[in-house]
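K.L.:
The residues making up each chain are set out below.
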Amino acid sequence: MPNTATDRSGDNVRRTKATVGLARRYWDNRYLLILMLPGLIYFVVFKYVPIYGLIIAFKDYNFFQGVWNSPWVGLEVFKELFKTPSFWEVFRNTIIISGLEFIFGFPAPIVFALLLNEVVNVGAKKAFQTISYLPHFVSWVILGGLFLQFFSPSIGPINIALKALGAKPIYFLADPKWFRAVLVSTDIWKAIGWGSIIYLAALSSIDPELYEAAALDGAGRWARTRYITLPSLYPVITIMLILATGNLVSDNFDQVFNLYNSAVYSVGDVMSTYMYRKGLEGMEYSSAAAVGLFNNIISFTLVIMANKIVKHFNEYGIW
Amino acid sequence: MKRKPIAAKKLKPSDAPFTIVNYAIMIMLSITTLYPFIFLITSSFSALDMSLGGLSIIPRQFTFSNYERVFANPNVGIGYRNTIIRTILGTSLSLLVTFCLAYALSKKTFPNRNLWTGLVVFTMFFSGGMIPSYLLVKNLKLIDSMWALILPELVSAYNFVIVRNYMQTIPQSLEESAKIDGANDITIMFRIILPVCKPILATIALWVAVWHWNAWFDCMVYISSQKGQVMQLVMRRIVMLGSSDQLTQMEGQSHDFFTPEGIKAATILVATVPIVCVYPFIQKYFVKGVLVGSLKG
Chain A
1 MPNTATDRSG DNVRRTKATV GLARRYWDNR YLLILMLPGL IYFVVFKYVP
51 IYGLIIAFKD YNFFQGVWNS PWVGLEVFKE LFKTPSFWEV FRNTIIISGL
101 EFIFGFPAPI VFALLLNEVV NVGAKKAFQT ISYLPHFVSW VILGGLFLQF
151 FSPSIGPINI ALKALGAKPI YFLADPKWFR AVLVSTDIWK AIGWGSIIYL
201 AALSSIDPEL YEAAALDGAG RWARTRYITL PSLYPVITIM LILATGNLVS
251 DNFDQVFNLY NSAVYSVGDV MSTYMYRKGL EGMEYSSAAA VGLFNNIISF
301 TLVIMANKIV KHFNEYGIW
Chain B
1 MKRKPIAAKK LKPSDAPFTI VNYAIMIMLS ITTLYPFIFL ITSSFSALDM
51 SLGGLSIIPR QFTFSNYERV FANPNVGIGY RNTIIRTILG TSLSLLVTFC
101 LAYALSKKTF PNRNLWTGLV VFTMFFSGGM IPSYLLVKNL KLIDSMWALI
151 LPELVSAYNF VIVRNYMQTI PQSLEESAKI DGANDITIMF RIILPVCKPI
201 LATIALWVAV WHWNAWFDCM VYISSQKGQV MQLVMRRIVM LGSSDQLTQM
251 EGQSHDFFTP EGIKAATILV ATVPIVCVYP FIQKYFVKGV LVGSLKG
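Each protein sequence line maps, in turn, to chains A and B.
Quick note, the first sequence lines up with residues 1 to 319 if you use my numbering.
Quick note, the second sequence lines up with residues 1 to 297 if you use my numbering.
Since the hints were derived computationally from the structure, they do not count as laboratory data.
Heads up, the beta-carbon is just placed ideally off N, CA and C, and yes, glycines get one too.
Among the clues, some could well be false.
Per label pair, the in silico range of CB-to-CB distance [as the list claims (entries may be wrong)]:
hint, chain 1, residue 1, chain 2, residue 2, range
1, B, Lys108, A, Trp88, 47 to 53 Å
2, B, Pro171, A, Trp68, 46 to 52 Å
3, A, Thr301, B, Asn114, 19 to 25 Å
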């Protein structure tokens, strides 16, 4: 018994010492602390307060009572949400659109990088590269306006060509049959060049001697790509794959918001646009926050799972 | 590029079909990328309806009047002014805060360094999202203020990580001599670390500036007054909602040649041209940033 007492007091002394030590260390770094403070305050106020604010998904939020004082309702908001058919429609749209963008959009920059890498002429290569980056710098508001004209049934060049061939014009942006195709193709169109940067960098770091040796062994272009180029890209592809997994349930608000209209809600309305209309236009804050939280939890879980699974197979996880 | 000599040497006749096909694909892709922009440029200089001209990329009856209409609109001037202010103010503040935070957390001696860094990095993967952020800005009484466009996205966790990683590659010895001379951390940061970090800070500055230039959603949600609108949103109102009082009010003056489509196209281009003009010069910094950032994803 006395033994434990001394042990405990010793523990206390050690703990106080540790606290004093920590305070001391902060004091020693007081200038760094001052430098860190504005950034830290920013992250607490503008990032962590909104995370805390997600608790309104479990409350009946009203603006006058505020986040803290609004009454708790438990899972009522979620129950209500899960009963709404439009929520599931939006959820399905998000998964289908993101899924298609993943299937076609994930390999696209890899293929582009591989092909670009085979362009021998340095000037031509640079030109193709610079052109392919262009759409990345243009916002979806501008592209929204641009595609509105480009896909227009009256003045859009695609429809002019269709009409010249004797076909009926297609209302790409107002026809539920076409709208998802427009979303997926314009997404790839915007991202393909920029997405290839990271693969091109990995390609340029491959030791040329490997190719020389392979060429001596009589390996053709396909064999060299298959056995040298692709394996050297695996680490980058893996990391990009993990990050892409998190996007499987997140949608591109800017894109959808600037291209959609009520005629294509049934196929094109996604989680974020739904959340926007519900929350910021309809002022159903609790319900919209619940949509956001639901989405957030799924994508966070997906990233963690993808990271785990990948680590199981090779060592290239993101943490 | 390193491969060039071998590849050139190995260009046997059997390689020719591949090379031709590959170039064809690349040229097709480039045309696909450029054509929508070219179409827009043509449309903006046309005095007549483009639909009658087929797929030609030569303007139908060349005119500047579409552009004259756009610049006659006072909202365009207001939008430009606000965009420039938010870009300059937002970028400089963002750089300052990011730089200071990254410097403090790049120090191995800083207590609980990993905890603080983790706190920042976590926000990359989990966020409150649209609704709580909106309520926060509203509660802080920032609605209808320029600060609502600058503060909510002041520091990006990703940029923070890039700058911090870069700082960690700076040799310790550089600072130690200054420390012996009695300089404190703040002096060291501005006198010694800042000049070394110039390239990475330039990269981040361009990222943030382009982000600010292209931002519109925050303005749509937080700013209701006409005087506070940014260029992207002014453009959006004219092009998408077709609302444009100025489009209809112009309909009366028939002595000029213009089309609603032409005016829309000209508006889009007025909002786009500055960014497209600088992009070939800044893209190499952008690329560098992507690569530095990916070293430790």
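K.L.:
Would you mind marking each hint as holding or not holding in the structure?
P.N.:
Results of checking the hints against the structure:
At about 50 Å, the CB distance of B:Lys108 to A:Trp88 agrees with the hint of 47 to 53 Å. As the Cβ distance of B:Pro171 to A:Trp68 is approximately 49 Å, the hint placing it in 46 to 52 Å holds. For the pair A:Thr301 and B:Asn114, the beta carbons lie near 24 Å from each other, so the given range of 19 to 25 Å is met.
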